[in-house]
Amino acid sequence: MSCGKTVLEINGLKVTLKSKACETKECCNKLPLVNDVSLAVSQGEVTGLIGESGSGKSLTCLSVMNLLPDTMVLDKGRITIAGSSLEEFSLADSSTKNNHLKNRTQNLTSQWRCFRGRRAAMILQNPMSCFDPIFTIGYHIKETISAHGLDWKSHRSKVDSTLCELGFESPNEILSAYPFQLSGGMLQRIMVSLALLLEAELLIADEPTTDLDVIVQARILDIIDKMRKEKNVGVLLVTHDLSVIARLADNVSVMQNGAVVESGKVEDIFHRPKAAYTKALLDAHFSLYGSNINEVLL
Amino acid sequence: MFQFIIRRFLVLIPLLFAVSVVVFLILRLGPNDPAMSYLRLSQIPPTDEALAAAREFLGLNKPLFAQYADWLVKAVRLDFGLSYVTRRPVLNEILYYLPATLNLAGLSLLLTLILSIPLGMWAALNKDRLPDHITRALSFFGVSMPNFWLGFMLVSIFSIWLGWLPPMGRGTPAHIIMPAVSLCLMSMSINIRLIRASMLENLNSRSVLYARARGLKERTVIGVHVFKNSLIPVVTAVAMHAGELLGGAVVVESIFAWPGVGRFAVSAIYNRDYPVMQCFILFMVVIFVLCNLLVDICYAWLDPRIRLAGGGDNQ
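Protein chains in written order, with my numbering: chain A, 1 to 298; chain B, 1 to 315.
These are calculated hints, taken from the structure and not from any lab test. A hint or two may mislead.
What the hints assert, rightly or not - Listed next, the in silico BS3-like pairs over lysine-lysine satisfying Cα-Cα at most 25 Å (straight line): (1) A:Lys158 - B:Lys217; (2) A:Lys5 - A:Lys229; (3) A:Lys5 - A:Lys231; (4) B:Lys217 - A:Lys142; (5) A:Lys265 - A:Lys229; (6) A:Lys231 - A:Lys265; (7) A:Lys142 - A:Lys153; (8) A:Lys229 - A:Lys158; (9) B:Lys217 - A:Lys153; (10) A:Lys142 - A:Lys231; (11) B:Lys228 - A:Lys142; (12) A:Lys279 - A:Lys265.
Said to hold, decoys possible - Among chain B residues calculated to face chain A with C-beta under 10 Å, some are: (13) Lys127; (14) Leu203; (15) Tyr210; (16) Ala211; (17) Arg212; (18) Ala213; (19) Arg214; (20) Gly215; (21) Leu216.
Beta carbons: idealized from backbone N, C-alpha and C, even for Gly.
Assemble the whole structure, with the sequences as input and the hints as a guide.
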């Protein structure tokens, strides 16, 4: 197991639903959507986050990027992007009063903007809806690298080589294509290419293989695996698919109803689950797909 | 893109043909006799002989299809006949009054866009806050207020009570203020709500979430991605507003004695001046259809999904 520095550390994260009353009264604690979540991601490692729909996995990811919807608020906890080359970002602190009054304006500081995309990149599910359909892929890549102060012309060869590395034989055709002219798997690889171009240290993959066919799924997982091995990227991998976790993850956190019910090494979670919910998840998976996971782990 | 424009032009031909049939039939199958109107406006006593002579002169004694064919052949050559009232060519009369109407409708459209786009954005970016409430109240007021009533109120307040603006006529820039405001308020109110809804939808889209996750400046996210996507439905609405403004001008021009084609059409309707009514309706339909064509072209230019329909292939 890698002993790389920690690229992401979440301690006691709590996300609540913001209501109008919350702006004047301290009553946000009533509706915790994510409650007391703690986890860490190290360089070159994959930390898996599993759980049923609505368990708070995606909200945890959005909290890390400070991209929660306006109706929600990061109420408590500390999210730290630590390490020798990374400064610490503290989104919220449990000792700070009126944290629930933080609004979008405060969140959108230039510090956070630089952090997003550059140091932590995201891969989202349903990539077809993640790109603006009226702009070309080339425009998306150009505006992203320009937003982080990089020059498009001097990085053009790197863009081409990165696209080739990800299996695009004609980068020029891809750059001039509109998102609706590409497949979901191709767009997923474009998202990965942005992470590679900006040399992100943390990759948050929120159900990256959902809605993709198995061949494309395998390709995306191979690319993520290659990124963590060759580029030493820390990966927070959110998925429903336990086979994906078994194949890629080093550590796993299991979420239920907004809280982490169990976390540990992937072998421990699969072979010696402690929480009843984890056991139920594994049983459900084995009953559907047999015990292939054990073969993967072995 | 060129093929798209040609295709849209070709669609216009059957559409205008269908409109010409409807316009002709509505006026000819109505309860009034055009020959009677002709005699009345010519101040000739409507005796049986005079009516028969008028029908012969106007071609009304021919079968309906032959009347339509005669009218269509002349209309294609832009010959819409003579006005029963002025005895001058109808097209020349309409072209004489048209600049005033285009001036009024154009300014109203400009006001609609200049005011509704920032107000709609302001409301969307401040959802459920004071700016949103203010623009909502303004929109509801604008949509609920009939433009003829607003016109009367404006004349009462700004011309009669305060004496700031001239109540009617055309001449100085001050003359156009009240007619333009009366005319644009409803379109502006609808547009504000449309832009607000469109922007909110785009603000909550996953492409905007991903744009933020890529680290784009908020100015870029809103100004480029949200704004440009929100403009697409607004462009469509502009064509409808153009029609509303030209149609609304008929009423507003009458209230403010604005010497436009709308006021001319209203007097033609009162006088049963059939050649003018036919030409006016057809003329407005052509303008409306051309506006729609222009909007379709803008739409295709803005949205590559329309422009490349059928031409895009999965790679």
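Cross-check of the supplied hints:
no. : hint                : verdict
1   : A:Lys158 - B:Lys217 : 23 Å, holds
2   : A:Lys5 - A:Lys229   : 14 Å, holds
3   : A:Lys5 - A:Lys231   : 14 Å, holds
4   : B:Lys217 - A:Lys142 : 14 Å, holds
5   : A:Lys265 - A:Lys229 : 18 Å, holds
6   : A:Lys231 - A:Lys265 : 22 Å, holds
7   : A:Lys142 - A:Lys153 : 9 Å, holds
8   : A:Lys229 - A:Lys158 : 20 Å, holds
9   : B:Lys217 - A:Lys153 : 20 Å, holds
10  : A:Lys142 - A:Lys231 : 22 Å, holds
11  : B:Lys228 - A:Lys142 : 18 Å, holds
12  : A:Lys279 - A:Lys265 : 15 Å, holds
13  : Lys127              : 8 Å, holds
14  : Leu203              : 9 Å, holds
15  : Tyr210              : 4 Å, holds
16  : Ala211              : 7 Å, holds
17  : Arg212              : 6 Å, holds
18  : Ala213              : 4 Å, holds
19  : Arg214              : 4 Å, holds
20  : Gly215              : 3 Å, holds
21  : Leu216              : 5 Å, holds
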